[in-house]
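Participant: One-letter residues, chain by chain:
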Amino acid sequence: MSETLNAQQLIRLAQSLTRMQSAITDYEIRQYDALSASQKGKIELALTELARAAGILYAYSVQLAFEDAEGQLKQLKSAADDMSRFLKTTKKIQRVLDLVSSVAGIAAAVISYDLNGVVSGIDEVVQILANP
Amino acid sequence: MKTRLLILLVSVVSCKSTDSINRFAKSSSSGLAELDRSTPSFSGLYKKNDPSRLKKILDTGIYGNAMNPEKGSAAAASIPVCMPCKTADSLTSVINQTLTAYFTMLQELSDKKLIAYHAEDLVSSLALIQAGVAPSMNLTDTKISAIKSLLNAVLNEPLKAYRYQKLQETISRNDSALGVVIGTYRFILDTALRGEIELARANYVSFVYAPLYGWAKTPVEKQLVNREFGEYQTGLSADLEKIHQCIQLLNTIRKGHHSLATGGAKNTWNATEAEIAADIIRINTLVTELVRLVQ
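From first to last, the protein sequence lines are chains A and B. For the first sequence, the working numbering gives the first residue as 1, with consecutive numbering after it. For the second sequence, the working numbering gives the first residue as 1001, with consecutive numbering after it.
If you are wondering where the hints come from, they were derived from the structure by calculation, not from laboratory data. Ideal placement from N, C-alpha and C gives every residue a C-beta, glycine not left out. Check each hint, because a few of them may be wrong.
Claimed, not checked - The calculated label-pair distances, taken between Cβ atoms and stated as ranges, are: (1) B:Asp-1175 <-> A:Gly-41: 48 to 58 Å; (2) B:Ala-1033 <-> A:Ile-29: 25 to 35 Å; (3) B:Glu-1231 <-> A:Met-20: 24 to 34 Å.
Next up, chain A with everything else stripped away, as it sits in the complex:
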């Protein structure tokens, strides 16, 4: 028997509290007219405590389940980061290829004395280099 509860055990405990709450409520409904105001007040207090405890236990079970999966979550995050780096590298390769095309375009414009072609080719290169 482990010393601490796991997420599943916490859920079962919360479910038991809710079942207890429902059983007390059923009793209250059946005996409503026979119960005094003081007794009803005490029942309501007990039900409130049970309800709040169960609500908190359900929420606590999330923390325990999360802790169990923390290693795998880190692994997925690292995989996403790794893909992001690969994506950046691929985009850089694409930029280099675009740059080669633009430089070749400038060379062609120079050879054919196309001044407009040279200017627009330089603009293209500057634009590629300006976008990191």
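With chain A fixed as given, assemble chain B onto it according to the hints.
Facilitator: Structure of chain B alone, referenced to chain A:
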């Protein structure tokens, strides 16, 4: 002839398309975003169904003045802040964000537009240079066209093949971790959150239905109380239905990812693509259903 052979060789290296991965990852990301929007929060459920808040319904009900001796006290009582609920919400959000980031990166990396270099400009410029610098090379239009095709293939295909391999490795290596994380997400929604919703029903019975039913003396009054309870339950059923759809969505994402992880390795790619196509349709249908439920 040599050109054709080279193009053929390069094509064979990268015969598998990343299109299925791209479409599946896109559907999964949008599904996860919708899942995040559709599911109720722990804090919200706790606040909405806390005994203090539910008791306020008695103050405003038809019996409020006559039957409720503590009228006003419930309204004055403040709803305690549930810190574990806030933590549960932020942890659930971390899980959703991690999964979304993973599928978003899969989607971006498998996008066919990412590696689509067109050598037309480069070859045209080189052809112009060649005419001025080395006219003896005599590059005809046919030769230029062949060079364009070859250069496109040489520059794009190895990168595409490497990308496919990288994607396949990433999917295979992380399949088991994804299974655990989706299993945790499923536990949170299907067990913990469902528990909170069932607790909400029990709370309504304890703090609203029981006193109202006790105060109701005639069958007509009791029927009215039952009808109000029925209306309350309809709202909770809608939340449970949303959770059911979210679980189906997570199961489909898990199944699709596993198919991609194992199908690619087993060389049964055509069958895997067909499975993935069916999963994408299922995810999109579930997302549409979730949107309808939220509206």
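Participant: State for each hint whether it applies.
Facilitator: Hints, one by one, checked against the model:
One distance hint, 48 to 58 Å for the beta-carbon pair B:Asp-1175 and A:Gly-41, holds here, with the actual separation near 56 Å. A hinted range of 25 to 35 Å is violated for the C-beta pair B:Ala-1033 and A:Ile-29, which are about 43 Å apart. Distance hint for B:Glu-1231 and A:Met-20: a CB-CB separation of about 26 Å, consistent with the stated range 24 to 34 Å.
In summary, the structure is inconsistent with hint 2 from the numbered list given earlier, while agreeing with all the others.
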